[in-house]
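Generate the whole structure from the sequences, applying the supplied hints.
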Amino acid sequence: MKMLKPPTPLGSRRRRGLWLRLAANGFGQALSAIFATVLISYSSPIQVVEY
Numbered sequence: 087m088k089m090l091k092p093p094t095p096l097g098s099r100r101r102r103g104l105w106l107r108l109a110a111n112g113f114g115q116a117l118s119a120i121f122a123t124v125l126i127s128y129s130s131p132i133q134v135v136e137y
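Per my numbering, the sequence shown starts with residue 87, numbered consecutively.
No lab work stands behind these hints, which were simulated from the structure alone. Glycine residues also receive a C-beta, built at the ideal position from the N, C-alpha and C atoms. You may find that some hints are simply not true.
[Stated by the list, open to error] Here are the simulated distance ranges between beta carbons:
#1 R101 - S129: 39 to 47 Å
#2 S127 - R107: 25 to 33 Å
#3 F121 - R101: 29 to 37 Å
#4 S129 - A109: 27 to 35 Å
#5 L125 - W105: 28 to 36 Å
#6 I126 - L106: 36 to 44 Å
#7 R102 - A122: 25 to 33 Å
Here you go:
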């Protein structure tokens, strides 16, 4: 990320940042959910995953 910001309207910049934050938040939630399911499936000795 650059420290220098181009002179853009504040509203559009804030809206773009909000969309980026929402996308990053959704991606983080999906990643954590996948990690949690993998961790649960690997840590539980009852469930045997066959490939």
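Hint check:
1. R101 - S129: 39 to 47 Å: At 41 Å between Cβs, range holds.
2. S127 - R107: 25 to 33 Å: About 30 Å separates the Cβ atoms of S127 and R107, which means 25 to 33 Å holds.
3. F121 - R101: 29 to 37 Å: Because 30 Å falls inside the window, the suggested range holds.
4. S129 - A109: 27 to 35 Å: holds, 30 Å
5. L125 - W105: 28 to 36 Å: holds, 30 Å
6. I126 - L106: 36 to 44 Å: violated, 30 Å
7. R102 - A122: 25 to 33 Å: holds, 30 Å
Checked against the numbered hints given earlier, the structure breaks only hint 6 and satisfies all the rest.
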